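Model the full assembly from the supplied sequences, consistent with the hints where possible.
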Amino acid sequence: MNARPLTLSDAVAEFVHDGDTVALEGFTHLIPFAAGHEIIRQGRRDLTLVRMTPDIIYDQLIGMGCVSKLIFSWAGNPGAGSLHRFRDAVENGYPHPLEIEEHSHAGMAVRYQASASGLPFGVLRGYAGTDLSQLSPTIRWITCPFTGEELAAVPALSIDVSVICAQQADRRGNVMMWGITGVQKEAVLSAKHSVVLVEEIVDDFTPHVNAVVLPSWTIDAVSVVPSGSYPSYSEDYSERANDFYAQWEGISRDRVAFHAWMTNHVLETKDHAAFMESLTAIGVTT
Amino acid sequence: MTEVAEIDTALEWTSDEIMTVVAARELTGEMVCFVGIGLPSKAAILARATHAPNVTLVYESGCIGAKPDRLPPSIGDGVLSRTADAVVSVPEIFSYWLQAGRIDVGFLGAAQVDKRGNINTTAVGEYDRPTVRLPGAGGAPEITTSCGKVIITLRHSARAFVEKLDFVTSVGHFEDEELERQRARHGHGPQVIVTDLCVLRYQPSSREFEVTSLHPGVSVEDVLAQTGWPVIISDDLEETAPPTKEELAALRRFSESSAHSR
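Protein sequences appear in the order of chains A and B.
Going by our numbering, the first sequence opens with residue 1, and the numbers climb by one from there.
Going by our numbering, the second sequence opens with residue 1, and the numbers climb by one from there.
Source of the hints: derived by calculation from the structure; they are not laboratory data.
Everything hinted at is true.
Computed beta-carbon distance windows for the label pairs:
(1) A:Ala13 with B:Pro53: 52 to 58 Å
(2) B:Glu30 with A:Met1: 46 to 52 Å
(3) B:Glu178 with A:Pro5: 56 to 62 Å
Output of the computed footprint for chain A on chain B, the stretches with three or more beta carbons under 8 Å from beta carbons of chain A:
(4) 56-63
(5) 80-87
(6) 95-108
(7) 118-129
(8) 133-145
(9) 157-170
These figures come from a predicted structure and were not determined experimentally.
The beta carbon of each residue, even a glycine, is placed where N, CA and C say it ideally should be.
What follows is the structure, encoded as structure tokens:
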């Protein structure tokens, strides 16, 4: 079945449920911030979040109490500092304890590949001698049946819904993204359901170097959300808001300041357009 | 002679600047380098802007042959993808490029290191209830074991240079000699650590990092005071060549343009 056009609010209501395992993927570029905000607005709880590089949007979801478990490989605010809500959850159990399952990037990438390939596990030459391999039940060792080499085995990810951003969809719901495309193709193909946020709908795709196209029938819903990746970016549509990432350090460090910001800009805005207007209103250049 | 002295005194630099300059000098010729974010990225860009224009920069975001002219705040910045020879997926960069052995040099930062070049970027304190939770592994565990060799750069302090890591995120050199022999089939691991005080190189004879070069104005006592184990000082200890005018000018040029590009 081809992708259906849905508002982001309807897509989240239909495909993201309490207790689900959800991947909002993106590697610095094309991060689906607007979808994370909508999940917070709709008050989802007990989510297991999956992401190679959890950044500010995962910090917000964790700080707002939506998340019970995080599966990841690098949790930080690139170039700016820490994820203070993530740290508060791990270091102090605030707002509640957060279970973590962590890997290296290579391991997470292989877990996605295995899942997208319909295999129960994936193989890599990794983790040798690390404490991660000692403590994680999701890292085991297998012997290559052909060469005898000992290699790491990691289980496929089991994801209920993946949400990604792409630049464009066409009228049939095929989507195209370009620039840094990270692990988003694997995230969509790993999940039972997927939602794609796009900048715009076009009649026909113009070829781009390094573009990735996902056919309509691999996607459940397409939502048109201009600047839906803000403060991340969409190559050829927007620039990364580096200042916002720097400012997040100050906002997120303090529990009260964090909740005030989330209330003003997410809980009390009805959608992404209103969120962006609320930032413009306080002088933030969007 | 007076004139030369005047030029020399005009060349002042910060401890961060000499660290970046000295780290950059480790990249030469046509090396293919897997670049971590932060200090390594700064040094790698400086190397390309000065003595090593033919070094190929590879970023874990999938950008191969990126040619940034300013410091990207993240490894996924548009300046990397727009200037790259190819942009591939993240699974591909780790499988086909890193794991397959196509990278000569891995260039990493670290929160903590020990005398064997093991790295902690996971947690300070107990893992289950850390006093400081760090970002985690990222690409480092496989970078340290899959690249031809590894350069580590970080600021020198007793908190960073520790006798025993709270968590081994990435292995530098294995204590077990058989494991160390096995790893050598795929890469030689960390070979040099560049700090704001000195340069340390891995010595197979002692199987430890030894201080081989002190930056101008730094004493052996300074290094010992900021190192959490009785670090070996090389018999052939040298003084680091100071940053040249060209190196400093290039470093300041792109550092400034990064600040302005916001």
